[in-house]
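Undergrad: Protein chains in written order, with this note's numbering: chain L, 127 to 433; chain B, 1206 to 1699; chain H, 169 to 383.
Simulated from the structure, these hints should not be mistaken for lab results.
Glycine included, each C-beta is placed from N, C-alpha and C at the ideal position.
Just to be clear, a hint being listed does not mean it is correct.
[To be verified] Residues from chain B that face chain H, not an exhaustive set, calculated with beta carbons under 7 Å:
hint, residue
1, F1325
2, W1467
3, V1480
[Said to hold, decoys possible] List of simulated lysine to any residue pairs, SDA-like, C-alpha gap at most 20 Å:
hint, chain 1, residue 1, chain 2, residue 2
4, L, K253, H, P239
5, H, K377, H, I364
6, H, K347, L, A406
7, L, K269, H, P239
8, L, K253, H, I364
9, L, K379, B, I1538
10, L, K228, L, N216
11, L, K350, B, D1275
12, H, K343, L, V405
[What the hints assert, rightly or not] Here chain L is said to cover these stretches of chain H; the calculated rule only asks that three of the stretch's residues, wherever they fall, bring their Cβ under 8 Å from a Cβ of chain L:
hint, segment
13, 233 to 240
14, 249 to 259
15, 303 to 310
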Amino acid sequence: MNHGPLIFLAAFFALAGSWFSFVLTPQVQVGRLDQTNTVPAGATYPVSRPGLAREGLDVYRANGCAYCHSQQVGQTGVTCDVLLTAVGTNQPALLTALLKVKPALTDAEARRFLAELPKPVLEHVTKEAADAAAKALNSTGGKAQVWIVPMGPDIARGWGLRRSVAEDFLFDYPLMLGSQRIGPDLANAGVRLPDPKWHLLHLYAPRTQVKGSMMPPYRFLFEKRRIERVPSADALVLPPELAPESGFEVVPKPEAKALVGYLTSLRADAPLFDAPLTVAEAAVESSTNSVAGSVTNSASGTNAPVK
Amino acid sequence: MSTEQTTPAGVPGSPSPGPGIAGIPNSEIDASCRMPLFVMFVSAAIWLIIASVFGLISSIKFHSPGFLADIAQLTYGRVRPVFVNALIYGFGLQAGLGVSLWLVARLGRTTLAGPVFVTFGASLWNLGLTIGTLAILAGESTGFEYLEIPFYAALLIFLGYLLIGICGVLTLQQRRERPLFVSQWFILTAVFWFPWIYSTANLLLVKYPVRGVTQAVIAWWYADNLLWVWLALVGLAAIFYFIPKLLKRELHSHYLALFAFWMLILFAGWGGIAVSAPVPAWMPTFSMIGTVLTVIPLLAVALNVQRTLAGNYSKVRSEPALLFIAFGAGAFIVAGFMKVCGLVLDFNQELRFTWFMPARDLLNSYGFFAMVMFGAIYRIFPQLTGFEFPFPRFVRAHFWLAAAGVFLSVLPLAIGGVVQTLELQNANIPFMDIVKSTLPVLRVSTIGDLLLLAGHLLFLGNAAGLLVRFSRARAMSAYAEMTADLFKTAGAKP
Amino acid sequence: MSLPSTQIPTIAAADLPEPRAGRRPVPVWLILLLFLLLYWAMVYFDQRSGWFDQNVYIPFTSIQEVAKFQPVLSGADELILRGKQLYSANCAVCHMENGIGNPANGCPPLDGSEWVLAPGPARIIRIVSKGLQGPIEVKGTVYNTGTMLAIGDAMPGDEKQKSESIAAIISYVRKTFGKNASAVTPEQVLKVREEIKDHSGYFTPDLLKGVPETP
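Next up, chain L with everything else stripped away, as it sits in the complex (with noise of 0.2 Å):
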């Protein structure tokens, strides 16, 4: 029997199933994604980077930044919170209502606890259990939220407050994940490390702004020039061991300032329907500020801690 015609068929069908799998439906799934709406805000997410941010994912492909840094946060869980806002009108029955929720307080540490308000009731539950306990307390005319709570390693190392999900990257290319954390996740960086100044150095001299880097300099990103007349507004403060001698200047050439500007652009916390969180009362805005020109992107209400 002739075989050669039986394997080509094989070889076919089975590179066509994963094709198939993983070329044909992500594409017509995932591929034709529009912008969607934040949850409960309604703010159309994403919105495509401003220009300076797009030629500095240009400089983040050309040095190969995604061989050491990832751009995806991960998540394990999910988990529920009660957060007491406010007492209300009645705060006897509230009471009443606290104590059969938390029952191990006692009463003095109950009333202490109405007066620290806003507080969390339940940590870490369910979302049957954490409703309950919400309406429980409503009824009685306070004020508790639930909170939805993304849990992981990665939202507790402060990278971020949800995973990633594929709105998050609609207007990226090329898209670069990354594949290693030789250096942490930047997925959110915008929102941890807002200022400009704090990355162009760290571009710099990584060392001055994280002890033990491993990341090498970028100095070519830079020039150094003589000071003409006044110092520019753009010139790194640099310590004394690495900064130039009198006379000069280093200033960030276009390429850093538009890696800057990507690097202060990235954030991916928006809450969405396949991606739910609660975020503190922030301004009603869309998430990503589109100011044109502008390096800075100004951190939003959001709650992640400073890593």
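Add chains B and H to chain L, keeping to what the hints say.
TA: Then chains B and H, alone, in the frame of chain L:
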């Protein structure tokens, strides 16, 4: 180098074709393969040195970040993709194709079809890869792992592959020995596999890019298929050929090998998507299923190889090429299980970002595939030229250097990766402490890289030396032929 | 001159025979293991894949679970959310998304405007319902050239639905630009609209000043 006689007693099958099959003698087959395989094997050896040098540079940059940092073209983010591309495309695929062509020709007892085209294809391949490497160093990388070579150079590589692949298929088609040996199944599939995945990836990621996270899915699919299907197919083809041949035993089971073949091509290309990837849950679920199911072909291969080798381990030690190939077979199994365990046991989704993964990939592409290729080339190259290697001792020395290098590169990185995972799990450990704890591991792996580089220099020395020896002998015999008449007429002794 | 063939070791003329493969069968236990793993795969897929739903991401296992964890809006929140969407569609074109207005077109700001910050909604309900013709003084500046159309009256639906839309817009505006001023309920709007239903034409600031500010 062993010089056994033909048809030792008790071994089924005969070296010369059976009655009714007009096979072409091996010397003619080898002669037809000479030109293309010289180009491919020596180029592969050169690319291997390039890869080693760049790999060493990347490795040094971890404990001395300022090393060569002021040269933009040599920043880590450009040096690392050059190392990977030179290793996989420059050495891996090129040596793999060369070995595959020879296997198909020999097993089919026919000459290689279109050796000139194959040589031209190999030249296109090398040209494309050179342009691509320079482009990456200049900052023109595409941004996708394993696909960093820009489109214009990738096109040259693709065309080169097509020429080589078509000649391989033609060689198979015009075979004199019609029944297929298992290696031919593997090779034919591999020849077909690469153009599909390479063209899909380049078209959908570089030329007409898809949107958003689909880019990552396709890039992961491509890398998985390249490293865990293509390399596996060609490497297993060589393993299933050389181990029985060099031991002068038969392969334990034809059906088990084919079973492994089917299971491999059905499941091995499904493992690209990690659990924490920003894609809907069904994709990582498919990847998990595919990866776990690769346990079946792993066991099938392990069983087949072990039962073929059984009781003959002393013979393995006596034949250097067999040392390489047996080591490669073992590495294939271990790397495969590292892949399965790395996915199944990654409870906190951090392992995939640690040094465990580069260790696993190194064990697969180098510990398995490169070692098998070394063994195969150490057998094939002398066969092609008709001469022995100029430095036979280097072959064994290369093996021990390579084995030590693999061991020192892979094991510490794998252990370091597991330690990293456990530390990343605990948010109270600052990230910089975790980075610091990986430094000793990285230093040991740099030593491993040095040993590997030393081995590669021995390999290049032998390969180039053999080529020189062959060319000199050829030149001398041509000279002797030309001058024979002169001396005859002159009456003097030649 | 002789060929140095004796000095270079050549390999023997004959080479090893090509390998053959034995015909032993695949072990049964391996096939059994395969089927076991396939069974596991089916169960795993059922439990973890979310059945191809593009909105189900690990760690969620089904779309019902994702829906379960969505934030629940109380009445006031939903109203404000709807108001934001209506504002973007109807009001932002003149008053801008951030409420700073467009002085060139005679459009006063809402952000910090005393008309928005008023303790009661009586005046603002009138403005939104029937429109406004200036000149109107907002935050010290007089705006003369613009006319606001009767956005509220133009809302779709019956009186009840119009009142809900107007209440949503005003609640959003007061919360966002009025420094978290109190929301306005649809019932309040309905009551005011009942009072002004016979009013034709735009309101003017003089007319509005005649309306008491307190709720």
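Undergrad: Compare the structure with the hints numbered earlier in the document and write down the numbers of the violated ones, lowest to highest.
TA: Violated hints (numbers, rising): 1, 2, 8, 9 and 15; every other hint is consistent with the structure.
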